[in-house]
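When we follow the numbering used here, the leftmost residue of the sequence shown carries the number -8, and every step to the right adds one.
None of these hints come from the bench; they were simulated from the model. Be aware that one or more of the hints could be misleading.
Stated by the list, open to error - Computed Cβ-Cβ distance ranges for the label pairs, DEER-style:
hint: 1; residue 1: V167; residue 2: R313; range: 24 to 30 angstroms
hint: 2; residue 1: E10; residue 2: Q306; range: 53 to 59 angstroms
hint: 3; residue 1: P293; residue 2: T62; range: 56 to 62 angstroms
hint: 4; residue 1: G122; residue 2: E10; range: 33 to 39 angstroms
hint: 5; residue 1: L339; residue 2: G122; range: 24 to 30 angstroms
hint: 6; residue 1: R83; residue 2: V298; range: 57 to 63 angstroms
hint: 7; residue 1: S165; residue 2: G122; range: 27 to 33 angstroms
hint: 8; residue 1: D175; residue 2: R83; range: 15 to 21 angstroms
hint: 9; residue 1: T62; residue 2: R83; range: 29 to 35 angstroms
hint: 10; residue 1: E126; residue 2: A338; range: 38 to 44 angstroms
hint: 11; residue 1: A341; residue 2: P20; range: 23 to 29 angstroms
hint: 12; residue 1: T285; residue 2: P20; range: 40 to 46 angstroms
hint: 13; residue 1: P293; residue 2: T174; range: 43 to 49 angstroms
hint: 14; residue 1: G287; residue 2: E48; range: 47 to 53 angstroms
The C-beta atom is built at its ideal place from N, Cα and C for all residues, glycine as well.
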Amino acid sequence: MTATAAFGIGLATISDAGEGTKVLDTWYPLVRLADAPTAAAALAAAVGHRGGAGTYELTDAQVDAVTGQQTVSDAVRDAVAAAQVPAPVDTRTHRRAVVTFVESLDAAPVDAHDVYLRLHLLSNRLVQPHGASLEGAFGLLNNVVWTDLGPCDPEGFTELRLSLEAAGHRIRVSSVDKFPRMTDYVVPAGVRIGDADRVRLGAHLASGTTVMHEGFVNFNAGTLGSSMVEGRISAGVVIGDGSDLGGSASVMGTLSGGGKEVIRVGEQCLIGANAGIGISLGDRCVVEAGLYVTAGTKVTLPDGSVVKARELTGQDGLLFLRDSVTGTVRVMPRAGETADWGGLNAALHAND
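All chains should be built: construct the whole structure from the sequences, respecting the hints.
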């Protein structure tokens, strides 16, 4: 295994519809990078893994095969035991204890198990956004009805709901999507989340991050330090330590419109309420409330020259504002009174 290899032990939910091989989700309570090569090698030998990427079902016989690796052995034992416990309500699914190997996180995932392992690595903060390839992830994941009774297959769901209702079980649907909410799988230490439905599995939330009720964090995106998230962090976006994304503010992602540029917000930045950016910000930048700066926005510099905002991407210490008389978007160095926006309230981010 290479330095970018990983493995996880967990529980896969499989739909009973069709051939019974449709993966609805895989929860990995234990995930490891290849800094544990002995454990990975022992597991690989136990299941007959000979390299590359792959997922294998775990059995009772493999519980004690991981000699000298107590944490891993316990995880195998717990996963096998959990898979054997019958569900209290029949949702036309079954669970399997599995181990998934990824030989290189730089290579594209090969199946749904592989994608779920990478999303777990992100939310467990073992890799940062863009630290693992998610190329083709949407095509590998199945659409799922996410309910309070667990993931269900959209195929035949109406009949399932009627059957459960007749048996006295009312099922509640929270969403129909390919990505579940993060907190059903991973609850990272040191964070606050006002509305768990608005943070997807695969979000990377650093300790000290507060996501308010209207905040949203997509997969393969998130924060690298203490941050206030009151707006939208789209897929692929990374927010630096000490930065504040104001109420209803947004940062352009890379999922729609063919956008390829990864937008980053540096440290100690403020993006005001209802503002937004389509360029990267360096450290100590401020975007005025209500101002949306796209790559093509014409911006007037202090010397009177006009450039497109993309020419300023990633620069430190800039203040973007709109002249309320002329409507001109201006940029100036943050100095004097404009150099300090107050910073984060430390008390709001002491989340331990």
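TODO: May I ask which of the numbered hints given earlier this structure violates, with the numbers listed in increasing order?
DONE: Hint 1 alone not satisfied by this model.
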